[in-house]
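Enquirer: So you can see what is in the structure, the chains are spelled out below.
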Amino acid sequence: MKLVDLAGRLGCELRGDGEIEVTGVASLEKAGPGDVAFLANPRYAAHLKTTRAAAVILAAGAEAGRPCLLTENPYLAFARAVALLRPPVRPLSGVHPSAQVHPTAVLGPDVHVGALAVVGAGVRVGARSVVHAHVVLYEGVEVGEDCVLHSGVQVREGCRLGNRVVVQNGSVVGGDGFGFARDGEGLYHKFPQVGIVVIEDDVEIGALTAIDRAALGETRIGRGTKLDNLVQIGHSVTIGEDTVLAGQVGIAGSTHVGSRVTLAGQVGVAGHLTIGDGAVATAQTGIPSSVDPGAVVSGYPAIENRAWLRSSAVFARLPELQKRLREIERKVESLLAKALA
Amino acid sequence: MKLVDLAGRLGCELRGDGEIEVTGVASLEKAGPGDVAFLANPRYAAHLKTTRAAAVILAAGAEAGRPCLLTENPYLAFARAVALLRPPVRPLSGVHPSAQVHPTAVLGPDVHVGALAVVGAGVRVGARSVVHAHVVLYEGVEVGEDCVLHSGVQVREGCRLGNRVVVQNGSVVGGDGFGFARDGEGLYHKFPQVGIVVIEDDVEIGALTAIDRAALGETRIGRGTKLDNLVQIGHSVTIGEDTVLAGQVGIAGSTHVGSRVTLAGQVGVAGHLTIGDGAVATAQTGIPSSVDPGAVVSGYPAIENRAWLRSSAVFARLPELQKRLREIERKVESLLAKALA
Amino acid sequence: MKLVDLAGRLGCELRGDGEIEVTGVASLEKAGPGDVAFLANPRYAAHLKTTRAAAVILAAGAEAGRPCLLTENPYLAFARAVALLRPPVRPLSGVHPSAQVHPTAVLGPDVHVGALAVVGAGVRVGARSVVHAHVVLYEGVEVGEDCVLHSGVQVREGCRLGNRVVVQNGSVVGGDGFGFARDGEGLYHKFPQVGIVVIEDDVEIGALTAIDRAALGETRIGRGTKLDNLVQIGHSVTIGEDTVLAGQVGIAGSTHVGSRVTLAGQVGVAGHLTIGDGAVATAQTGIPSSVDPGAVVSGYPAIENRAWLRSSAVFARLPELQKRLREIERKVESLLAKALA
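As they're listed, the protein sequences go chains A, B and C.
For the first sequence, the positions run 14 to 354 when the numbering used here is used.
For the second sequence, the positions run 14 to 354 when the numbering used here is used.
For the third sequence, the positions run 14 to 354 when the numbering used here is used.
The set of hints was computed from the structure by calculation and includes no laboratory data.
Among the clues, some could well be false.
Note: identical chains are not told apart, hence a pair may lie in one copy or across any two.
Using 30 angstroms as the maximum straight-line C-alpha spacing, the simulated BS3-like pairs for lysine-lysine come out as follows [unchecked claim]:
1) LYS203 / LYS43
2) LYS203 / LYS15
3) LYS351 / LYS336
4) LYS62 / LYS203
5) LYS43 / LYS62
The following block holds chain A by itself, in its conformation from the complex (with noise of 0.2 angstroms):
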C-alpha cells in the first residue's frame, strides 16, 4: 500500500513522500525497510532517531526526520494500521466434520465450527462467528454475530453472548457461582445456582478467565468492556459500559461496577460493593466498601490515591520515626525533670 492510501484510510495527515510502498507494521526498535511504526507513549520516543521504520505515526506537531502520519491519536491510528496491512486470517465457514452440533441447534450463514467442538441442544450462534475447535457450547446457549471463541472456551447452559464478543482460549462463562449455605453443625449446602450470564456487544474476554453464572437472574458484562486474562467475576455481578479490567482481578459476588472503570491488575473487590463510573483501583488494591464515581483508589483497605502514595511515602520511612518519637520522648523526660527539679 503506498503511503498516502494509508493517510487517506486513517485519516492522518501526511508528512513526506507519500508514494513509498508500505508492507508491514512494527515497533519503532525492530522496524525495518517497509515497515510502519508508532510512537504513543514518551518512554520510547529514543528510538525516533535510530529506526529504520519507513513510516512513523505520530501525535499531530511532533517530528521524525522521515515520512510521517499525524494524528490527535497515534495508538488507535496504528491499531488501524495493523489491521489493514495484517488483516487477520478467518477460518472458513462451515463446520468440521468432528465438530459434535446437537441437530436441535442452529447455526446462521457462514459460521464455523471448529474441529471436535461441541456445540448443544437448543443452540443458536449468529452469522459468521468462528466457534474454534475443542470449543464447547452446553444446551440453549445463545451467541450473537461476528464473534470469536478461541479453543478451550466452555460455555454453560443458557448463557447469552451479544454481537461482536471475543473471548480468548480456555475461558469459562457461566460455572456455578461459589453459594453455599451453612447448617447449623458448620456444614456447607450448595445453592443451586439457577441463574445466567449475559454477555453484551463489544466485549472482549481474555484467556482463562471465569465468569459465573448467577444464583438467581443474571450475571451481566456491559457493552464493550474489555477483561484481560485469569479474572474472576463472582455470580450476580454486574460490570457497565467500556470497562477495563486487567489480569487476575477478582470481583466478589453482587457487586455492580460501573462504565468506564478501570482496575488495574490483581484488584480485588468484595461483594455486595457498588464501584462508581469512572473509578479507578490503582494495581493491587483491595476494595472492602463502595468506591464513589470518579474516585482514584489505591492501598488495601483501598483510600484515595494522592493520601495513599503520601502514606506508603511515610510508611518506607516508619522505622526512622519512630526513633524520632524515641528521641523527643527522652529530651521531653529529661526537660520535665529539670522542670521539676
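Knowing the structure of chain A, use the given hints to seat chains B and C on it.
Expert: Chains B and C alone, transformed into the frame defined by chain A:
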C-alpha cells in the same frame, strides 16, 4: 407447588395463605407473582416493602406483610426451595458415541459420559456420576458416586475423587507440583512429581482451579471443603473438612490448612505452614507463618485482624502524624534552647 | 536396585550397608522399608530419628543412624533418585485415531498425539514429543523435541516452543495480548495482536497459566525458566534464563524480567519495566518501577526487603506510636504553658 406443601418440605413455619401456588424462585427485587423470595442479608431488607414475591422466606420473628415461611436459617431454606422448584436437569445415562473410553475403564450404573470426553485405561467412575463433554480422565483415575465433572476438567493419572464431588469447568486436578532442584550452576532440574491428589466426599471445586499432585504421597482436600475459581493449591498441601477458600486464593506447597477455615479472596499462604482449625483470613491477606486455631488475621505480613484494622486507620493518617512529629520536635528544640539560655 | 548402585548413579558417598535393596522413594515421615528418603529442609530434621526409611540422602557431614548417601545437594540427588526408582511412563508413539492432524502437519519420529488432539495446518512437532489428549495446536505452531504438552493445553497460531519444554494442563500460549486503543468518545478498539510467543529450551509452564502473544514481535520466555500455575504473562514481556515465577504471579505488558530472578507467589509487576538479573521479590510484592539486579524487594510499592521488614514491624505498632505522640504533645504543651507562665 402449594405454599403449605413447600413449608412442609422445608420444615418452615407458615404465616398467611398456604393455598397459594408457588412456581419459581427469585430475589426480592426481581421476584414476580408466583415466585418465592428470601431475606437473609439485612442489607436488602428495604426490598421487603416493594417486592412482588408471592411469599418470602424469613428469619423467625420477622414480618413481611405477605405470606411467609419462617425459619432460623432463611438462606439454607431458600437454597432447598430452589432445588425443589428449579430441579437440575441431569444428562441422560450412557456414553456418547464420540467419547473415547478405554476398554479397561469401569463405569458404574447410570453414569453419563459426554461428547468427546476421554476416559483412560483403568479408570473407575461410580454410579450416577456425570462426566461432561470434553473432560479428560488420565489412566487410573477414580471418581466416586454422584459426582459432576464439567467440561474442560482435566484429572491426571492416579488421582482419586470421593462421592458427590463437583468440579466446575476447566479445573485441573493433579498437575505436576512446582518442584525443581537447583544445581551448583543455577540450573533447575525437575523433581519428578510422583504423588497424587485425593479429593474427599462432598468437595466442590470452582472453575479454572489448579490442585497440584504431591511430589511424594498425597495432596488432600478434606470432606465438604469448597474451593472457588482460580484457586492454586500447591503440592502436598492438605486441607481439612468444611473449609472455604474464596476466589484466587493461593496455598504454597506442603502447608496444612485445618478444618472450618475461611480464606477470603486473593489470600496467599506460604509453604510448610499450619493454619489452625477455624482460622479466618480476610481478603488479600498474606500469611508468612503459621496461624493459631480460631485466629482472625489480616494484612501482609498477617497480624491479628483488630490490630490490623487499627494500624490501617493510623496508616491513612501517617502524613499528619509525621507533620505533628516535626512540629513537636520544633517545639522541644525551642524549649531546650530556652532551658540552656 | 542395590543402595551401592544408587550411590554410584547419583555420585553420592555411601555410608553403611550398600547391599540393601531399595525399591521406592518417600518422605522421611511416610517412608517404609525399602524406601529411600531425604533431608534437605532442616524443618524436618526431627523425622530423622523416627523414619523407617531403608536409606536417607543427606548433606555431607550429617548422620542418620542408618545407611546414608551423602552429597552436597541432597534435594537434587533425591530428585535424581526419584527419576531412577519411579521412571515416568511415556505414552506409546503414534497418533490416536480420534486425533485431528492436518495433512500438512509434520510429526517427527516417535511422537505421541493423544485422543482428540487437534494439530493444525503446517504444525511441526519434533522427535519424541508427547502431545496429550485434547491439546490444540493452531496453524503454524512449532514444538521442539522431547516436549510434553498435557491435556487441555492451547497453543495459538505461529507460536514456537523449543526442546524439552513441558506444559501442564490447561495453559494457554499465545492468546491475544490485552491491547485496546481508546478513541475520543471513550470506546475501546482492539489493537490486533500480530506477534507470537517464543518458549525457549527447558522451560516448564504450570497449569492454567496464560502467556499472551506480542502485539508486534515476540513475547519470549528464556531457557530453563520455570513458571508455576495461574501465572499471567502480558504481551511483549521477555524473561531471561533460569528465572522462577511462583503461582499467581502477574507480569504486565512489555516488561523485561532478567535471568535468575525469583518472583514469589502472587507478585505483580507493572508494564514497561526492567527487573534486573538475580532480583528477588517476596510473596505478594507489587512492583511499580524497575528493580536493580540482585535487589530483594517486598511490599507495595516494593521497597528493599529489610527496610520493608522493619517498616512492617513498626506498622503493627502504629496505634501505640500514635498514642505516644499524643502523650508527648500533651507534655510539651504543659511545658510550654509553664515556660510562658
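Enquirer: Using 30 angstroms as the alpha-carbon threshold, which applies to LYS351 and LYS336: within, between, both, or neither?
Expert: both (23 angstroms within a copy, 24 angstroms between copies)
Enquirer: Since the copies are identical, ignore which copy is meant and state whether LYS43 and LYS62 lie within 30 angstroms (CA to CA) inside a copy, between copies, both or neither.
Expert: within (13 angstroms within a copy, 61 angstroms between copies)
Enquirer: How do LYS203 and LYS43 come out at 30 angstroms by Cα distance, when the copy is not named: within, between, both, or neither?
Expert: between (54 angstroms within a copy, 22 angstroms between copies)
Enquirer: Go through the copies and call it for LYS203 and LYS15: within, between, both or neither, with a Cα cutoff of 30 angstroms.
Expert: between (62 angstroms within a copy, 24 angstroms between copies)
Enquirer: 30 angstroms Cα cut-off: does LYS62 pair with LYS203 within a copy, between copies, both or neither?
Expert: between (63 angstroms within a copy, 28 angstroms between copies)
Going through the hint list in order, the structure satisfies each hint without exception.
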